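Visitor: Next come the chains, spelled out residue by residue.
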Amino acid sequence: AQSVTQLGSHVSVSEGALVLLRCNYSSSVPPYLFWYVQYPNQGLQLLLKYTSAATLVKGINGFEAEFKKSETSFHLTKPSAHMRDAAEYFCAVSSLDTGRRALTFGSGTRLQVQP
Amino acid sequence: NAGVTQTPKFRVLKTGQSMTLLCAQDMNHEYMYWYRQDPGMGLRLIHYSVGEGTTAKGEVPDGYNVSRLKKQNFLLGLESAAPSQTSVYFCASRTGTSEETQYFGPGTRLLVL
Numbered sequence: 001a002q003s004v005t006q007l008g009s010h011v012s013v014s015e016g017a018l019v020l021l022r023c024n025y026s027s028s029v030p031p032y033l034f035w036y037v038q039y040p041n042q043g044l045q046l047l048l049k050y051t052s053a054a055t056l057v058k059g060i061n062g063f064e065a066e067f068k069k070s071e072t073s074f075h076l077t078k079p080s081a082h083m084r085d086a087a088e089y090f091c092a093v094s095s096l097d098t099g100r101r102a103l104t105f106g107s108g109t110r111l112q113v114q115p
Numbered sequence: 116n117a118g119v120t121q122t123p124k125f126r127v128l129k130t131g132q133s134m135t136l137l138c139a140q141d142m143n144h145e146y147m148y149w150y151r152q153d154p155g156m157g158l159r160l161i162h163y164s165v166g167e168g169t170t171a172k173g174e175v176p177d178g179y180n181v182s183r184l185k186k187q188n189f190l191l192g193l194e195s196a197a198p199s200q201t202s203v204y205f206c207a208s209r210t211g212t213s214e215e216t217q218y219f220g221p222g223t224r225l226l227v228l
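Chains as they are written, first to last, in my numbering: chain A, 1 to 115; chain B, 116 to 228.
Check before you lean on any hint, since a few could be wrong.
To be verified - Once the Cα atoms are required to be at most 30 angstroms apart in a straight line, the calculated DSS-like pairs of lysine-lysine come out as:
no. : chain 1 : residue 1 : chain 2 : residue 2
1   : A       : K49       : B       : K172
2   : B       : K172      : B       : K185
3   : A       : K49       : A       : K68
4   : B       : K185      : B       : K124
5   : A       : K49       : B       : K124
6   : B       : K186      : B       : K124
7   : A       : K68       : A       : K58
8   : A       : K49       : B       : K186
9   : A       : K49       : A       : K69
Unchecked claim - Every beta carbon over 10 angstroms from chain B, so not counted as near; a handful from chain A, in silico:
no. : residue
10  : S14
11  : L20
12  : T55
13  : T72
14  : S73
15  : A86
16  : A92
17  : S94
These aren't lab readings, by the way, just hints derived from the structure by calculation. Note that this is a predicted model, so its numbers are computed, not measured. C-beta: ideal position from N, C-alpha, C; glycine also.
Based on the provided sequences and hints, a complete structural model is requested.
Guide: What follows is the structure, given as structure tokens:
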């Protein structure tokens with residue numbers, strides 16, 4: 001079975017500081033990996049995804065993530081946090097079951113950005 | 116192009132009542148999903164559909180039923196609501212190709228008293 005672990009349910013940074021949100025996955029085959037963002041009272045929006053092309057993936061709003069197979073990690077980073085980045089972030093892995101291709105989600109990390 | 120829409124946005128039920136949540140997508144997607152979101156648990160798959168007329172169970176299907184009579188619609192039913200079904204419900208859809216991105220609706224907040 002696949003699983004996703006997000007270390008830190010809450011992360012607080014100052015505006016302009018580096019954002020680092022951690023994600024580790026478990027999968028016996030090369031996975032597809034995703035980061036989604038959820039703003040308050042909204043649905044989930046795709047930030048970026050890894051689908052076995054480049055290991056460094058650039059997404060929207062200045063975010064990027066690096067796939068590291070040896071560490072089974074897909075951490076999300078942004079060089080300089082902005083107040084509008086305050087949201088909940090979910091890491092997800094695509095299902096091994098090619099029939100359904102559902103997503104297995106981590107428990108989420110809430111990012112706070114202090115002025 | 117509205118993407119994925121969900122109705123209602125919010126609902127309060129009493130224990131034992133029934134209701135249906137509607138998900139509609141206008142992207143001609145083959146696959147549709149229902150997830151529930153609970154604090155500290157991420158999103159968990161309830162049921163899914165790989166095409167019109169098909170449905171299958173996900174990780175947490177008990178207490179729910181689904182139907183996909185039309186390609187664009189995916190209905191989630193609660194036959195007899197329980198307080199444990201208080202949650203936020205998200206619908207998602209994706210194409211039937213290798214494109215993996217799932218597109219999510221805005222969610223339905225359900226409170227069962």
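Visitor: Confirm or reject each hint.
Guide: Hint check results:
1. A:K49 / B:K172: holds (26 angstroms)
2. B:K172 / B:K185: holds (18 angstroms)
3. A:K49 / A:K68: holds (14 angstroms)
4. B:K185 / B:K124: At roughly 21 angstroms apart (the allowed maximum being 30 angstroms), K124 of chain B and K185 of chain B satisfy the hint.
5. A:K49 / B:K124: Distance ~28 angstroms between K49 of chain A and K124 of chain B Cα, so the pair holds.
6. B:K186 / B:K124: With Cα atoms ~22 angstroms apart, K186 of chain B and K124 of chain B stay inside 30 angstroms; holds.
7. A:K68 / A:K58: This hinted pair holds, its Cα atoms lying about 15 angstroms apart.
8. A:K49 / B:K186: Given pair K49 of chain A, K186 of chain B holds - Cα atoms ~26 angstroms apart, limit 30 angstroms.
9. A:K49 / A:K69: Judged against 30 angstroms, a Cα distance of about 15 angstroms means the pair holds.
10. S14: It holds; S14 of chain A is separated from chain B by about 25 angstroms at its closest Cβ, greater than 10 angstroms.
11. L20: It holds; L20 of chain A is separated from chain B by about 19 angstroms at its closest Cβ, greater than 10 angstroms.
12. T55: holds (17 angstroms)
13. T72: holds (18 angstroms)
14. S73: The claim holds: S73 of chain A sits with its nearest Cβ about 17 angstroms from chain B, beyond 10 angstroms.
15. A86: Label holds. Min Cβ-Cβ 17 angstroms, cutoff 10 angstroms.
16. A92: violated (8 angstroms)
17. S94: violated (5 angstroms)
Of the numbered hints stated above, those contradicted by the structure are hints 16, 17, listed in ascending order.
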